[in-house]
Amino acid sequence: MSSTKEGLIGLSDSKKTFSFKGLFKNNYFLYALSLICFFLFWELVAVTFGKFLPRPIEVIDRVVYMFGHTLAGKTLLMHLWASLRRVFIGFAIATAIGIPLGLFMGFNKYVHAVVKPIFDLFKPMPPIAWISLAILWFGIGETSKIFIIVIGAVVPVVINSFNGIRLVDPDLYHVVKMLGGNHRDEIIQVSFPASLPAIFAGLQISLSMAWTTVLAAELVGAREGMGFIIIQGMNLSRVDQIIGGMFVIAITAWMISAVMTYLERWICPWKMQLKK
Amino acid sequence: MENAVKEINNFKIECMGISKHFGEGNKKVDVLENIDLQVEENEFIVILGPGQSGKSTLLNIIAGLEMRTTGKVFLDGKEVTGSGPDRGLVFQKYMLFPWKTVFQNVELGLKLQGISKTKRREVAEHYIDLVGLKGYEKSYPHQLSGGMKQRVGIARAYANNPKVMLLDEPFGQLDAQTRYFMEEETERIWQQEKRTVIFVTNNIEEAIFLGDRVITLEGKLPGKMGAIYTVDLPRPRNYTDLDFLKLRSKITDATKLVL
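Protein sequence lines correspond, in order, to chains A and B.
Here the first sequence stands for residues 1 to 276, where the numbers follow the numbering used here.
Here the second sequence stands for residues 1 to 259, where the numbers follow the numbering used here.
Don't read these hints as lab results, they were simulated from the structure.
The reader is advised that the hints may include incorrect statements.
Claimed, not checked - Here are the simulated DSS-like pairs of lysine-lysine, each with C-alpha atoms no more than 30 Å apart in a straight line:
| hint | chain 1 | residue 1 | chain 2 | residue 2 |
| --- | --- | --- | --- | --- |
| 1 | B | Lys111 | A | Lys271 |
| 2 | A | Lys271 | B | Lys117 |
| 3 | A | Lys109 | B | Lys93 |
| 4 | B | Lys138 | A | Lys271 |
| 5 | B | Lys220 | B | Lys194 |
| 6 | A | Lys271 | B | Lys134 |
| 7 | B | Lys27 | A | Lys109 |
| 8 | B | Lys93 | A | Lys271 |
Source: prediction; values computed, not measured.
Chain A on its own, in the form it takes in the complex (with noise of 0.2 Å):
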């Protein structure tokens, strides 16, 4: 076995040859064995502790009825599709005025002046706390729950496309410049890609913001999503079907949030050298 000088688990060469050492140094081994521990663990609480927490088995089991059965008339997908689609508009009306709004402000100092001290004002207001404000306005119907999403996606949207523009490297304008550019040409070839890898982690942040947003807009009042799911399972006191919910609901998030970081090395696949 090699001593790895690197120091770096999951770099040793334990395909070569098999030992415990090598493979306590692999970390995807480690990730199952963390999962596995975690499992085992809920197991035997559940299965000390008996009504209040079930069995694993018995969460897989509720989503798997769910898939098959409608709870008010739909399926366990058509109630995620209700939030995804939720989410993703959500998502995008946020985007639309988050990136145009923080671009601006990064390019113009005026723009900066006016939005800035507004903006400072709403930041701080928890999302969810606009949900009553909403639901007076809107009522409980779709429209309340979007509003709550863009309000609590938009934020770091436009935090991140403002940082994006306001921490380029001056001297990278001095190069268009210096090369005959003027300033249409700064604007497309420095400030846009430059701003993209912030702006894309704005994104991400956003997305999550919004699925915290869509879960609360739903536990309020909602006769479909995931929300919905959830507080039907504390209505019907059934904690398989809270517990599965809470699941679904994570995976989704994190293949969404895999994608948007492929679709990030993509188009930006200068990144990770920025990064460091």
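Assemble the complex: chain A is given as a structure, and chain B must be docked to it using the hints.
Showing chain B alone in chain A's frame:
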């Protein structure tokens, strides 16, 4: 500032009485004081000064990126009023566009000036070849070493066919070995494609190795004109030649500053 045209002499670049200060009142910092400089066509001028002697500021003033407080800069007898593609600037921190490949970085200047794609390809490949980066056209800057990055920086400036090349401590971030090598490369490139060069450095050996003339700036701030040394050693020069070392100690002895 009036747009005077001088026709008295044939200097490629002429600086007359350049002074520069930042800020006003009690925050005022004098950076340069009364700098005069004449550079001949195709001459390799090195401006040698310690840190905080205003040498980079002087270069930025010639580049047109910073305005002088007083004085005038002439390029081919015409007063310089701003930045422009007739001067090619090479940055200490390379300043390549990380989202562009080597090829795209080098062709940028031509692209901004609306040169056709075929012509751009031809010129960019010529200069990528000249700086010794053939085969790396499709690489991104983060895949290159420091020396290679600066080669791209040099090719990018050259590709725009500037009248004057301005290099701002271009090898300041390189390790000693790479630095020697890049100095040899700079000389080779300059011999192959002669240009008027103004090269800023704090390294005395680099200055004597490369310069036709070495101009010292006396720091601390504000930077003032020191002595001008003509280096008439045959090229390529050798760091350990007796004449090289004599000139080195002559410059060292003449300045109060450790170089």
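Tested hints:
Between Lys111 (chain B) and Lys271 (chain A) the CA atoms are separated by roughly 24 Å; this keeps the pair inside 30 Å, and the hint holds. Between Lys271 (chain A) and Lys117 (chain B) the alpha-carbon distance is near 28 Å, which keeps this suggested pair within the 30 Å criterion. This hinted pair checks out: Lys109 (chain A) and Lys93 (chain B) have alpha carbons roughly 28 Å apart, not beyond 30 Å. A C-alpha spacing of about 17 Å is found between Lys138 (chain B) and Lys271 (chain A), which places the hinted pair at or below 30 Å, so the restraint holds.
Proximity of Lys220 (chain B) to Lys194 (chain B) is assessed by CA-CA distance (about 33 Å); at most 30 Å being required, the pair is judged violated. Distance check on the hinted pair: Lys271 (chain A) and Lys134 (chain B) sit about 25 Å apart at the alpha-carbon level, within 30 Å; holds. Of the pairs offered as hints, the one joining Lys27 (chain B) and Lys109 (chain A) holds, with about 24 Å between alpha carbons and a cut-off of 30 Å not exceeded. Using a Cα cut-off of 30 Å, the hinted pair Lys93 (chain B) and Lys271 (chain A) holds, with the two alpha carbons roughly 18 Å apart.
In this structure, the one hint that does not hold is number 5.
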